[in-house]
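Position chain B against the provided structure of chain A, taking the given hints into account.
Residue numbers (numbering that gives the first Met the number 0), protein chains in the order written: chain A, 0 to 569; chain B, 0 to 162.
Mixed in with the good hints there might be a few duds.
[To be verified] Below 20 Å or equal to it, Euclidean Cα-Cα: the simulated SDA-like pairs (lysine to any residue) are:
#1 K557(A) <-> S286(A)
#2 K131(A) <-> A14(B)
#3 K161(B) <-> M178(A)
#4 K65(B) <-> T353(A)
#5 K61(B) <-> N182(A)
#6 K148(A) <-> Q62(B)
#7 K61(B) <-> Y27(B)
#8 K65(B) <-> T139(A)
#9 K349(A) <-> Q249(A)
#10 K166(A) <-> L2(A)
#11 K89(B) <-> Q62(B)
#12 K161(B) <-> S177(A)
#13 K65(B) <-> N182(A)
#14 K161(B) <-> A79(B)
#15 K131(A) <-> N10(B)
#16 K65(B) <-> R121(A)
#17 K148(A) <-> S286(A)
[Said to hold, decoys possible] Sample of chain B residues facing chain A (criterion: CB under 8 Å; computed from the structure):
#18 E9
#19 G13
#20 S16
#21 G20
#22 A24
#23 E57
#24 Q58
#25 Q62
#26 K65
#27 I67
#28 D68
#29 K161
#30 V162
None of these hints come from the bench; they were simulated from the model.
Values in this document were obtained by computation on a predicted structure and should not be read as measured data.
For glycine and all other residues, C-beta sits at the position ideal for the given N, C-alpha and C.
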Amino acid sequence: MQLTGAEIVIRCLQEEKVEHVFGYPGGSVLFIYDELFKQDQIKHILVRHEQAAVHAADAYSRSSNKIGVCLVTSGPGVTNAVTGIATAHMDSIPLVVISGQVPTAYIGQDAFQEADTVGITRPCVKHNFLVKDVKDLAETIKKAFYLAKTGRPGPVLVDIPKDITAKKCEFHYPKTISMRSYNPVVKGHTGQIKKALQLLLDAKRPMIYAGGGVILSDAADKLTKMTRLLGFPITQTLMGLGGYPATDRQSLGMLGMHGTYEANMAMQECDVLLAVGARFDDRVIGSPDHFAKVARKIIHIDIDPSSISKRVRVDVPIVGNVPDVLDELIKQIQVSEAKAEPKALASWWKQIETWRSKNSLKYKMGSDLIMPQYVVEKLYEVTGGDAFVTSDVGQHQMWAAQYYKFDKPRRWINSGGLGTMGFGLPAAMGVRFANPKATVACITGEGSIQMNIQELSTCKQFHLPVKILCLNNGYLGMVRQWQQMFHGNRYAESYVDALPDFVKLAEAYGHVGFRIDKPADVEPAIREAFVKHKNQLVFLDFQTDKTANVFPMVAAGKGLSEMILAEEEL
Amino acid sequence: MRHIISILIENEAGALSRVSGLFSARGYNIESLTVAPTEDPTLSRMTIVSIGSDDIIEQITKQLNKLIDTVKVVDLSEAAHIERELMLVKVRATGKDREEMKRVADIFRGRIIDVTESAYVIELTGNTNKMGAFLDAIDRSLILETVRTGVCGIGRGDRILKV
Numbered sequence: 000m001q002l003t004g005a006e007i008v009i010r011c012l013q014e015e016k017v018e019h020v021f022g023y024p025g026g027s028v029l030f031i032y033d034e035l036f037k038q039d040q041i042k043h044i045l046v047r048h049e050q051a052a053v054h055a056a057d058a059y060s061r062s063s064n065k066i067g068v069c070l071v072t073s074g075p076g077v078t079n080a081v082t083g084i085a086t087a088h089m090d091s092i093p094l095v096v097i098s099g100q101v102p103t104a105y106i107g108q109d110a111f112q113e114a115d116t117v118g119i120t121r122p123c124v125k126h127n128f129l130v131k132d133v134k135d136l137a138e139t140i141k142k143a144f145y146l147a148k149t150g151r152p153g154p155v156l157v158d159i160p161k162d163i164t165a166k167k168c169e170f171h172y173p174k175t176i177s178m179r180s181y182n183p184v185v186k187g188h189t190g191q192i193k194k195a196l197q198l199l200l201d202a203k204r205p206m207i208y209a210g211g212g213v214i215l216s217d218a219a220d221k222l223t224k225m226t227r228l229l230g231f232p233i234t235q236t237l238m239g240l241g242g243y244p245a246t247d248r249q250s251l252g253m254l255g256m257h258g259t260y261e262a263n264m265a266m267q268e269c270d271v272l273l274a275v276g277a278r279f280d281d282r283v284i285g286s287p288d289h290f291a292k293v294a295r296k297i298i299h300i301d302i303d304p305s306s307i308s309k310r311v312r313v314d315v316p317i318v319g320n321v322p323d324v325l326d327e328l329i330k331q332i333q334v335s336e337a338k339a340e341p342k343a344l345a346s347w348w349k350q351i352e353t354w355r356s357k358n359s360l361k362y363k364m365g366s367d368l369i370m371p372q373y374v375v376e377k378l379y380e381v382t383g384g385d386a387f388v389t390s391d392v393g394q395h396q397m398w399a400a401q402y403y404k405f406d407k408p409r410r411w412i413n414s415g416g417l418g419t420m421g422f423g424l425p426a427a428m429g430v431r432f433a434n435p436k437a438t439v440a441c442i443t444g445e446g447s448i449q450m451n452i453q454e455l456s457t458c459k460q461f462h463l464p465v466k467i468l469c470l471n472n473g474y475l476g477m478v479r480q481w482q483q484m485f486h487g488n489r490y491a492e493s494y495v496d497a498l499p500d501f502v503k504l505a506e507a508y509g510h511v512g513f514r515i516d517k518p519a520d521v522e523p524a525i526r527e528a529f530v531k532h533k534n535q536l537v538f539l540d541f542q543t544d545k546t547a548n549v550f551p552m553v554a555a556g557k558g559l560s561e562m563i564l565a566e567e568e569l
Numbered sequence: 000m001r002h003i004i005s006i007l008i009e010n011e012a013g014a015l016s017r018v019s020g021l022f023s024a025r026g027y028n029i030e031s032l033t034v035a036p037t038e039d040p041t042l043s044r045m046t047i048v049s050i051g052s053d054d055i056i057e058q059i060t061k062q063l064n065k066l067i068d069t070v071k072v073v074d075l076s077e078a079a080h081i082e083r084e085l086m087l088v089k090v091r092a093t094g095k096d097r098e099e100m101k102r103v104a105d106i107f108r109g110r111i112i113d114v115t116e117s118a119y120v121i122e123l124t125g126n127t128n129k130m131g132a133f134l135d136a137i138d139r140s141l142i143l144e145t146v147r148t149g150v151c152g153i154g155r156g157d158r159i160l161k162v
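Bound-form chain A, shown alone:
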């Protein structure tokens, strides 16, 4: 049967079992919206800004491993979506973005709402397509889904000119796709894995360092099993939190710029490092030269060969899908007679416990001012550590990462690579659509929340009972912290003047709002929000200590062991 391009788009999405599409209509996607209207298998979520559509689809994917899908119009629809696409790209999140384009005959003529979408998005997608013939449409969409989720995942964009959505052709949706130019590796090289195991068993001071690849590939169980078999310490990156239970003794917490003292020291001092789905980025290892000062053997498991030996030289590279490689490694550990030398391992743990006893996440709490860390701790208690937590970017993001102990994967949803303010609220929406019964908290600041505050309206329309915890210190806190530490206390433009009354604002959108300014009220307010107002969106505006800083801190360009631990050291 002959179908129009618009019908084909919808049929393809149905074939892919897509349940939710996040989007915003416009001229060049009208035929597609018309077809959406005529069916009820796919639910469309109307956001209030295209950036939010992409963040929501992104978090939908992060929190469920289903592929998030968004639909935007040409020109400004796409340019608004770019920040979201780049955010997903930096964190390797599988997404399919469908964008409208002006009719084929108008391309290149500076038509109304025309933008070179393929050109603009090229550097921030895994791949993109411009569909020039309706006959190519179904296969292109199939390819988009295939590319998004295989290999190192990422966003894939399909740009469809309006005339293509009106033209007709036979519909045939391919069952499988094979591309001669794209064959991602899955299994790791057995010989390399054997070499890695030997290094691990010979180690005196071994360390496991796990990143977002563990979460993306659903390898948390296998990572946990392997780590327990080996009895080694493990640290996680910001993107890897939840890949190993944070409350377990073998977990040293997060490492990096705001990592714990024990994680950073162990990372620096270890003699054999097993990196799993992590990429040694600048916020994680600080200065590569300083990191290289201590001789250590590095084993690196990653699905993307270009992540290996990019910032640090690796001794045993293992290219493969993390769970497949871990399976093989676990198998080899189990059949191997050898064990890591218990005496060396015990003395290494003793050293680590000495570092841990510094309790680098302690903070001072008075009775007058709410400490932001305290809010996160209370959220953890009230939600039993079982909430999905999204965040924006800045100090609150680091406190959330440090004080909410994630025991499960896909619960911590944040923009790690690109560091996109405005991510948290739309992300919370996406989480809730992917996990309709879940408790969802968005930890944010008064700066970030205003970058996508319009989504309070979307939350009202779709009855999303998200709890927003705004750590309001009246500053762009992380900017202020850097200005205090590195720019002589000159707080250039980091004071957020003329803040709205967030309680009234929440109420104006039809939600519930609280302002909390005393430490004693923190827990009762959170409890009231999560229990009494379980089914409503609650905006909790916490007036927190304006001067609180995030510690420990490794200043940009410094070495991991050169941490500033507290205010007194400034």
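Leaving out everything else, chain B in the frame of chain A:
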């Protein structure tokens, strides 16, 4: 170090910009880039000359491989290979220079492919050094314009880059 990287890539619209965009986005250097379809019109072959440390060249080949349209990448300079480029030079050829120009072109095995009363167009093929040597050998003030294709290269003997 100077490297010659050969790429087989799907002959799709935008393939060239994916490659050139990758180089500019990651700050890699391009000395020259040539591209044309192969005997199989669905495939293009590119030759890129780049200068960088071993680490950078390793990253370049990995990043090129990562492009979805890339079928194969090989660093030709890792083993025996042949490289050629083509140059067209328009020179002033009057009076005694006319004879001298012809002589130098012959020495470099160049061919004069266009003749007017006042100028020659000389066609020259060879490696990059030969192009430079020719330009050095003639009187610079007589050069009216030059155009070069950039390097293309191929492995020697059994080294074959094919799907």
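task = Determine which of the earlier numbered hints do not hold for this structure and return their numbers in increasing order.
result = Of the numbered hints, 4, 11, 17 and 29 do not hold.
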